[in-house]
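S.K.: First to last, the sequence lines map onto chains A and B.
Heads up: the first sequence begins at 1 in the numbering used here, then just goes up one per residue.
Heads up: the second sequence begins at 1 in the numbering used here, then just goes up one per residue.
Be aware that a few hints might be false.
[To be verified] Chain B is faced by these chain A residues, among others (derived, beta-carbon under 7 Å):
1. L55
2. G61
3. L75
4. Y83
5. E87
6. G108
7. P110
8. V111
[Claimed, not checked] For each label pair, taking beta carbons as the anchor points, the in silico distance ranges come out as:
9. K18(A) to R193(B): 19 to 25 Å
10. L133(B) to E165(A): 28 to 34 Å
11. R18(B) to R132(A): 18 to 24 Å
12. D271(B) to E290(A): 31 to 37 Å
[What the hints assert, rightly or not] Computed footprint of chain A on chain B, listed as stretches where at least three residues anywhere in the stretch have a Cβ under 8 Å from a Cβ of chain A:
13. 5 to 16
14. 86 to 93
Treat the hints as calculated values from the structure; they're not laboratory data.
Think of the CB as a built atom: it goes at the ideal place given N, C-alpha and C, for glycine as much as any other residue.
Residue strings, one per chain:
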Amino acid sequence: MPDAAAVSIRGLTKQYGKLIAVNNLHLDVAPGEILGFLGLNGAGKTTTIRILLDLLRPTGGTALIFGYDCQREGLHARSNIGYLPAEMGIYSDLTGLEVLDLLAGLSGRPVDRNRRRELQDRLGLPDGDLRRTLREYSTGMKRKLGLIQAFQADPLLLLLDEPTEGLDPLMQEAFYTLIAETKRRGATVFMSSHVLSEVDRICDRVALLRKGELVLLRSVEEIRRLASRRVRVHLAEDGLAPPALPPGAQIIDTAPRRWTLQVEGFLGPLLETLRAFPVKDLEVVEPKLEDVVMQYYREDRS
Amino acid sequence: MTARPPFLLLAYSLKRMRTLLLIMGVLLCAFQILMVAVARSVERSGLFQQLGALIPPFARELLGPSIAMFMSFAGIACLGYFHVAVMGALVGLSIAVATVPASEVETGFMDLILSRPLARHWIVTRSIVAAVLSIALVLGLMMLGTWIGLAILAPSGAARPSLHLIGSLALNLGLLMLSWSAVALAIASVVRRRSVAGASAGLLALTAFLLDYLGRLWQPAESLAKLSPFRYFSPFDLIVGGQLPLKNVAVLLGITAAGFLAAYVWFSRRDISH
């Protein structure tokens, strides 16, 4: 496989009449990286994924997968992709096994039966379920089938649209393990999700779209560092007035024996300030990806 | 890429349609056998001559040539190839088979198909081959029914329809069905809903049929009726001994080619969104 970026997007724009679904998007995803593609509904996530699959034609810009243009060299670009759509559109008169065999055949790559069985075991979809028609499948079972068809040929790039939607917590765990293994074998994952805790847990980087525009592209670690920490100061005495705080710190809540502060940057200056007070305990709450992303979401709404 | 994935897709499509195709084919096969049985019954009772004498010329003109066909054993034996209900069912079947791409877009299955390294033109090619095979199967079973009926039930003295006549009728009907498949496939290549594609093609077919009927009855409408594909289906000329006009074959093939070409172009350019 070429050394090119797994996904390379340059100035990608998709317009429907006056509506701009994706606006001048620039984004690179390195081989072996797990990218969380975030945004509220209608932000342009699915549109971008569909352009990568050449299901939608961009109004402007280019999208490349492993160096192949998704539109002009679509067959090469899609030759090593596993795709999980947000909704599995499959005819209900087919059995799970027929779906897997058909999609494996269409992928043009051999599927190892042992690999498929391993995925079945891990995601809890035994042979008995695969012999049933899809009209008998629950939402969760369809999701499991979707994951198996996406992973079964061990593709180098996985495009996953809301992968854990409809999965129970145990299966979500199984999925996270699967993603970790996928990363270990060097494959790339490009996944959209609304579940920020899972993005925080499994993704290396986050790209956040707002109204079709990229507003945040950083590693999860960087985002955590960007986020302000919460510090709870537990006091030994009642009725103490909060002091003047150093720059970067502000008080957000007071209780008789507790102050809750929001602190950006180092804690040193704050600790200096607190030396004059009867501090019984200090509680530092680690920042979460969710805190930052939610802030963007709120700005989007407003 | 190997050629296997397109064939796999075709096999899958035919597998999904097999029940409909077989039921329809067997029904029409049985209908043809029954028609031969009816023709034998009428032939033996000598009713053809009596019926012919009862219908005045103006009524024959008004009711169209089909009524005259009742006046012979061969006419009734071949009735299935030009009966309105049979034609309607076969055109409906052609439309149903050709609108599968719209259904695949609507359900989202197209997303999964095209996320594989499969060129879009294979979707259209698959539908064309499926339409041709479906039409061949159903017409083949009809012809089989006619042959079985004639072999078992035809009275010895009756003027049987020739193999050439049955073949010409089936070919003309098959081309008509194929032209409607092409129209339906062209529509299905641009819309997102199978119901929209099916209804649009069905309404077009009905309009074209009525236009042709009107053109046959009313001179001023005749030039407009030339726009209807049904105008180029001429079973009555064949039954009275004429050859299948080359013009009919050429026009129906032309409509078919134009429809399939439009489908290739439109489907390759469209956005796949459901």
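S.K.: Would you mind marking each hint as holding or not holding in the structure?
M.R.: Verification of the supplied hints:
no., hint, verdict
1, L55, "holds, 4 Å"
2, G61, "violated, 15 Å"
3, L75, "holds, 5 Å"
4, Y83, "holds, 4 Å"
5, E87, "holds, 6 Å"
6, G108, "holds, 6 Å"
7, P110, "violated, 11 Å"
8, V111, "violated, 12 Å"
9, K18(A) to R193(B): 19 to 25 Å, "holds, 24 Å"
10, L133(B) to E165(A): 28 to 34 Å, "violated, 39 Å"
11, R18(B) to R132(A): 18 to 24 Å, "holds, 20 Å"
12, D271(B) to E290(A): 31 to 37 Å, "holds, 34 Å"
13, 5 to 16, "holds (count 5)"
14, 86 to 93, "violated (count 0)"
Of the numbered hints given earlier, the model fails hints 2, 7, 8, 10 and 14; all others are met.
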